[in-house]
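Protein chains: 6
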Amino acid sequence: MSQPLARHERGEAMFKHVFGREPRPGSYPDFLKLTIDHLFGEIWTRPHLSVEERELIALTAVALARTDWELRGHIGAALHLGMPREKIVEIIIQLAYYGGWPVANNGLRIAQEVFAELDTGKDTDHDQ
Amino acid sequence: MSQPLARHERGEAMFKHVFGREPRPGSYPDFLKLTIDHLFGEIWTRPHLSVEERELIALTAVALARTDWELRGHIGAALHLGMPREKIVEIIIQLAYYGGWPVANNGLRIAQEVFAELDTGKDTDHDQ
Amino acid sequence: MSQPLARHERGEAMFKHVFGREPRPGSYPDFLKLTIDHLFGEIWTRPHLSVEERELIALTAVALARTDWELRGHIGAALHLGMPREKIVEIIIQLAYYGGWPVANNGLRIAQEVFAELDTGKDTDHDQ
Amino acid sequence: MSQPLARHERGEAMFKHVFGREPRPGSYPDFLKLTIDHLFGEIWTRPHLSVEERELIALTAVALARTDWELRGHIGAALHLGMPREKIVEIIIQLAYYGGWPVANNGLRIAQEVFAELDTGKDTDHDQ
Amino acid sequence: MSQPLARHERGEAMFKHVFGREPRPGSYPDFLKLTIDHLFGEIWTRPHLSVEERELIALTAVALARTDWELRGHIGAALHLGMPREKIVEIIIQLAYYGGWPVANNGLRIAQEVFAELDTGKDTDHDQ
Amino acid sequence: MSQPLARHERGEAMFKHVFGREPRPGSYPDFLKLTIDHLFGEIWTRPHLSVEERELIALTAVALARTDWELRGHIGAALHLGMPREKIVEIIIQLAYYGGWPVANNGLRIAQEVFAELDTGKDTDHDQ
Chain A
1 MSQPLARHER
11 GEAMFKHVFG
21 REPRPGSYPD
31 FLKLTIDHLF
41 GEIWTRPHLS
51 VEERELIALT
61 AVALARTDWE
71 LRGHIGAALH
81 LGMPREKIVE
91 IIIQLAYYGG
101 WPVANNGLRI
111 AQEVFAELDT
121 GKDTDHDQ
Chain B
1 MSQPLARHER
11 GEAMFKHVFG
21 REPRPGSYPD
31 FLKLTIDHLF
41 GEIWTRPHLS
51 VEERELIALT
61 AVALARTDWE
71 LRGHIGAALH
81 LGMPREKIVE
91 IIIQLAYYGG
101 WPVANNGLRI
111 AQEVFAELDT
121 GKDTDHDQ
Chain C
1 MSQPLARHER
11 GEAMFKHVFG
21 REPRPGSYPD
31 FLKLTIDHLF
41 GEIWTRPHLS
51 VEERELIALT
61 AVALARTDWE
71 LRGHIGAALH
81 LGMPREKIVE
91 IIIQLAYYGG
101 WPVANNGLRI
111 AQEVFAELDT
121 GKDTDHDQ
Chain D
1 MSQPLARHER
11 GEAMFKHVFG
21 REPRPGSYPD
31 FLKLTIDHLF
41 GEIWTRPHLS
51 VEERELIALT
61 AVALARTDWE
71 LRGHIGAALH
81 LGMPREKIVE
91 IIIQLAYYGG
101 WPVANNGLRI
111 AQEVFAELDT
121 GKDTDHDQ
Chain E
1 MSQPLARHER
11 GEAMFKHVFG
21 REPRPGSYPD
31 FLKLTIDHLF
41 GEIWTRPHLS
51 VEERELIALT
61 AVALARTDWE
71 LRGHIGAALH
81 LGMPREKIVE
91 IIIQLAYYGG
101 WPVANNGLRI
111 AQEVFAELDT
121 GKDTDHDQ
Chain F
1 MSQPLARHER
11 GEAMFKHVFG
21 REPRPGSYPD
31 FLKLTIDHLF
41 GEIWTRPHLS
51 VEERELIALT
61 AVALARTDWE
71 LRGHIGAALH
81 LGMPREKIVE
91 IIIQLAYYGG
101 WPVANNGLRI
111 AQEVFAELDT
121 GKDTDHDQ
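Residue numbers (the numbering used here), protein chains in the order written: chain A, 1 to 128; chain B, 1 to 128; chain C, 1 to 128; chain D, 1 to 128; chain E, 1 to 128; chain F, 1 to 128.
Since the hints were made in silico from the structure, they are not lab data. Glycine included, each C-beta is placed from N, C-alpha and C at the ideal position. Check each hint, because a few of them may be wrong.
[What the hints assert, rightly or not] Reference listing, derived: stretches of chain A covered by chain E, where coverage requires no fewer than 3 residues with Cβ under 8 Å from a Cβ of chain E: (1) 22-30; (2) 33-42; (3) 56-66.
[Said to hold, decoys possible] Listed below are the simulated EDC-like cross-link pairs for lysine to aspartate or glutamate, each with C-alpha atoms no more than 20 Å apart in a straight line: (4) K87(B) / E53(B); (5) K87(A) / E113(A); (6) K33(C) / E42(B); (7) K87(E) / E42(F); (8) K33(B) / E113(C); (9) K87(A) / E42(A); (10) K87(A) / D119(A); (11) K33(D) / E42(E); (12) K87(F) / E42(E); (13) K33(A) / E117(F); (14) K87(E) / D30(A); (15) K33(E) / E42(D); (16) K87(A) / D30(C); (17) K87(B) / D30(F); (18) K33(B) / E86(D); (19) K33(B) / E12(B); (20) K33(F) / E86(B); (21) K33(A) / E42(E).
[Unchecked claim] Here are the computed distance ranges between Cβ atoms for each label pair: (22) E113(E) / T120(A): 20 to 30 Å; (23) E52(F) / R46(E): 11 to 21 Å; (24) S27(B) / H80(E): 51 to 61 Å; (25) G20(A) / H80(D): 53 to 63 Å; (26) E22(D) / Q3(E): 23 to 33 Å; (27) P29(B) / R85(F): 44 to 54 Å; (28) R85(E) / G20(A): 28 to 38 Å; (29) P84(D) / T45(B): 32 to 42 Å; (30) T120(A) / K33(B): 38 to 48 Å.
From just these sequences and the hints, can you work out the full model?
Have a look at this one:
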């Protein structure tokens, strides 16, 4: 692994590349630091997977976890990285078969909310 | 959806494309038919995701499910579709962060067994 | 499997038998079609399990998944199929032991909301 | 709840009714006592669900949990209670849709082992 | 196990010790009785683990289950038993590594709500 | 976070403190480095939780995950840190109520294997 300052800068840059905005300070500076410096600065920057593939994996994992708040954030990230809506929907449809219908119903419900907010101009961005 | 015969043929072709072999008859003809005709014939053939992306999603879901027998099968499929070993390992490392260290430890243990068998010439293919 | 038109008609009939209403169009016609034509038209119509038993299994799985929106839908379906409230509650109590107290607490909280809405006349039906 | 001796007797009787044999002493007398006296003596004996329905719920939950050892035990219990093999297989096929293909593949693999052992005369019974 | 009246009294006392209040009657007297008399009266009172350790385990399990309503209740219990906020946050941070970032993000979001309500004087107690 | 060399040394020391031996090289040097340098060097060394409490949380999470190989490793770690067998068993019994009977049955089966191997002198240590 690497020097602290470089790791933090790489993490902030990667976070912005994925989510399209700066990370929000939030209430837990320690956990934010682990998220930005380590998860985004040292894991998302690793080789062998593109950023788009890492987002595909993250979106799949968060949809399977059914944590709605974070799923909204990762649907937003996928869109920001250029993933078409049809592709996001298709990932969730595949998860009807690899996680079960409840996972897909939940994911499509959240995706529909995110898309509707974007279409009507509401702010849907979330911290990682 | 489509006519039965075309769906079955498409499913067999897709299964072979993913796993590199014919499906084995197995003990449950009804479930095999659902797997080949519907899952591979009507879902894996859908647009908006490439076959490689569908395998990435399936591999992620099965690693998170920690069903070792099926994970072996999907690691084999990923290799057959041309995914380098480093990339399979990298997906599992990302899941240490999106599913937890137990998911990654389990996935890497299974990946190591599959790679070792391939290196020593043992037969590792499994039915989907 | 069967011809498309017959499958769609069987699926719509089975959906209505389970939920007591027509499926809503929703935002994802592809997934609705998979749900109606395949899940309800070709799986729920299979032999060896009665519709009531299939609903018992679905309700159990959705309660274990803790996807509240869909659990509301399946509690409604169970009631529509003639399952007494005491039986729905009893299934969830058994899941305190087969899924843990968090699963049961969550399921009873949702059941209480559904029952209260029915008692006060509010509309609680949901798409599958 | 009830007096200790009656609860223990009811639990042993219910366990035997479900599994077709006496509980084995095992290594953890405290947990065995909780299982026999409370789970089987006070929960499985509750009203509103038949024993067959309770076994259907338990089998569903254990198949979704993918704990193979216990799944073998509950497949044995289901058979002992008179559930045909086709019905056990059908429950697992439904879980391909309510838990995902990995859950069903795993469950059918275990079911096949249990049925094969019964057909060749090996002893497959397990403690709860 | 023990006589009904003593068990109920022990359960109520233990519940109060953990949550800092009486259990609410709720809608399901049977399940409340199982929770108070058995879970708190016969399991939480067992030896080999302190009450604080049992709360640590319960909080960990509920955070991993991502059942937000119950997680709020157990964060309240942990605070009532004297666990500092930093320690509750630290448990959830460890679960980023043993359950995944979605578990930790969800847990910290709920913890932040509970702490904010306490700081502004709102009532955050919940039934177990 | 800190300088690479200090982090690695702290991680090795913490790993040895928890598991009672050196980490094995294994097949995946990158993931081993993340485990030793980051998980053990930067997370297990954090304040607000003792090492024994962190092991309690890890053991709970791994038992709930039902990843048997890693559960064996953490039962070994708990014993090495001085946790009595009765306490390990008691944690798993509590998880019958917070994760379900299948989690507890699986955990006790694994614990019994680890204890039996220790009693007969077999080597049960595993890499994290």
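Hints, verified against the model:
no.: 1; hint: 22-30; verdict: holds (count 3)
no.: 2; hint: 33-42; verdict: holds (count 3)
no.: 3; hint: 56-66; verdict: holds (count 4)
no.: 4; hint: K87(B) / E53(B); verdict: holds, 13 Å
no.: 5; hint: K87(A) / E113(A); verdict: holds, 16 Å
no.: 6; hint: K33(C) / E42(B); verdict: holds, 12 Å
no.: 7; hint: K87(E) / E42(F); verdict: holds, 16 Å
no.: 8; hint: K33(B) / E113(C); verdict: violated, 40 Å
no.: 9; hint: K87(A) / E42(A); verdict: violated, 27 Å
no.: 10; hint: K87(A) / D119(A); verdict: holds, 17 Å
no.: 11; hint: K33(D) / E42(E); verdict: holds, 12 Å
no.: 12; hint: K87(F) / E42(E); verdict: holds, 16 Å
no.: 13; hint: K33(A) / E117(F); verdict: violated, 42 Å
no.: 14; hint: K87(E) / D30(A); verdict: holds, 13 Å
no.: 15; hint: K33(E) / E42(D); verdict: holds, 12 Å
no.: 16; hint: K87(A) / D30(C); verdict: holds, 13 Å
no.: 17; hint: K87(B) / D30(F); verdict: holds, 13 Å
no.: 18; hint: K33(B) / E86(D); verdict: holds, 16 Å
no.: 19; hint: K33(B) / E12(B); verdict: holds, 10 Å
no.: 20; hint: K33(F) / E86(B); verdict: holds, 16 Å
no.: 21; hint: K33(A) / E42(E); verdict: violated, 42 Å
no.: 22; hint: E113(E) / T120(A): 20 to 30 Å; verdict: holds, 27 Å
no.: 23; hint: E52(F) / R46(E): 11 to 21 Å; verdict: holds, 19 Å
no.: 24; hint: S27(B) / H80(E): 51 to 61 Å; verdict: holds, 54 Å
no.: 25; hint: G20(A) / H80(D): 53 to 63 Å; verdict: holds, 58 Å
no.: 26; hint: E22(D) / Q3(E): 23 to 33 Å; verdict: holds, 27 Å
no.: 27; hint: P29(B) / R85(F): 44 to 54 Å; verdict: holds, 48 Å
no.: 28; hint: R85(E) / G20(A): 28 to 38 Å; verdict: holds, 32 Å
no.: 29; hint: P84(D) / T45(B): 32 to 42 Å; verdict: holds, 35 Å
no.: 30; hint: T120(A) / K33(B): 38 to 48 Å; verdict: holds, 44 Å
Of the numbered hints given earlier, the model fails hints 8, 9, 13 and 21; all others are met.
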